Amino acid sequence: MPGRISKERNQYFIRLERGTLCEVSREVYLCWYAGERQERYQIDRDRRNGVFSLDAISDRMFQENGSCFEEIIPSMEEGIEEQVERKFLTEKLYQAIRKLQPDERELICALFFEDVSLRSYARRKGVTHRAVQKWRDAILKELRKLMDME
Numbered sequence: 000m001p002g003r004i005s006k007e008r009n010q011y012f013i014r015l016e017r018g019t020l021c022e023v024s025r026e027v028y029l030c031w032y033a034g035e036r037q038e039r040y041q042i043d044r045d046r047r048n049g050v051f052s053l054d055a056i057s058d059r060m061f062q063e064n065g066s067c068f069e070e071i072i073p074s075m076e077e078g079i080e081e082q083v084e085r086k087f088l089t090e091k092l093y094q095a096i097r098k099l100q101p102d103e104r105e106l107i108c109a110l111f112f113e114d115v116s117l118r119s120y121a122r123r124k125g126v127t128h129r130a131v132q133k134w135r136d137a138i139l140k141e142l143r144k145l146m147d148m149e
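For the sequence shown, counting from 1, position 101 maps to 100 in numbering that gives the first Met the number 0; every step adds exactly one.
It is worth saying that the hints were derived from the structure and are not from the lab.
A portion of the hints provided could be inaccurate.
[Unchecked claim] Computed cross-link-like contacts, SDA-like style, restricted to lysine to any residue with a CA-CA straight-line distance of at most 20 Å: (1) K91 to L142; (2) K144 to D114; (3) K124 to D114; (4) K133 to L145; (5) K140 to V83; (6) K124 to K144; (7) K140 to L92; (8) K91 to F111; (9) K133 to R143.
Since the model is a prediction, treat every value here as computed from it, not as a measurement.
Kindly generate the complete structure, drawing on both the sequences and the hints.
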C-alpha cells in the first residue's frame with residue numbers, strides 16, 4: 000500500500016541481567032520473549048491454583064525466622080490411629096471380598112489388584128466393556144453392604 004510505513008523493526012533487543020540491553024536477531028528475540036511469556040503464564044497459573052514451590056522459599060527466610068522445613072511443612076507420616084484404622088478397614092475389605100462369588104472375586108482382583116483395565120478384562124471374557132463396568136459397579140455396591148454389616 001503506497002504511503003504506508005512498515006512496522007517491521009530493523010533492530011531487536013533483549014534485556015539481560017542488571018538491565019543491560021543486547022542486540023539480537025529477530026528469531027532470537029521472538030524465541031526469548033515467547034519463553035518469558037510462557038514462564039509468566041506458568042507462574043500465574045501456579046499462583047491461581049495454589050501450587051507451593053520450595054524453590055520460592057529463600058534461605059534467608061529460614062535464617063531470619065529460625066525455622067526449618069520440618070516446622071513449616073506438616074508431617075506426611077501417618078499417626079498410630081490412622082495406621083490402626085487403615086489396617087482394620089483393609090482386613091474388613093478382605094473379609095468382604097472372600098464372601099464374594101469366585102467370578103466376582105476374579106473381577107475385583109483383576110481390576111484393583113492386578114491393574115487390568117475394564118476393556119482388556121472385557122476382551123478376555125468376550126463381553127463389552129460396558130457390561131463389565133455394570134458388573135463391577137454392582138459388585139462394589141455389594142462390597143459396601145458387606146462392609147457395613149460387619
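Here is what the structure says about each hint:
1. Distance check on the hinted pair: K91 and L142 sit about 10 Å apart at the alpha-carbon level, within 20 Å; holds.
2. Under the criterion of a C-alpha separation no larger than 20 Å, the hint pairing K144 with D114 is inconsistent with the structure, at around 24 Å.
3. With a C-alpha separation of about 16 Å, the suggested pairing of K124 with D114 holds against the 20 Å cut-off.
4. At most 20 Å may separate the alpha-carbon atoms for a hinted pair to count; K133 and L145 meet this at roughly 19 Å.
5. The hinted pair formed by K140 and V83 fails the criterion: a straight-line CA distance of about 25 Å is larger than 20 Å.
6. With a C-alpha separation of about 26 Å, the suggested pair K124 and K144 falls outside the 20 Å cut-off, and the hint is violated.
7. Between K140 and L92 the CA atoms are separated by roughly 13 Å; this keeps the pair inside 20 Å, and the hint holds.
8. For the proposed pair K91 and F111, the alpha carbon gap of about 16 Å is at most 20 Å, so the pair holds.
9. For the hint linking K133 to R143, the alpha-carbon distance of about 15 Å falls within 20 Å, and the restraint holds.
Taken one by one, the earlier hints fail for this structure at numbers 2, 5 and 6, listed in ascending order.
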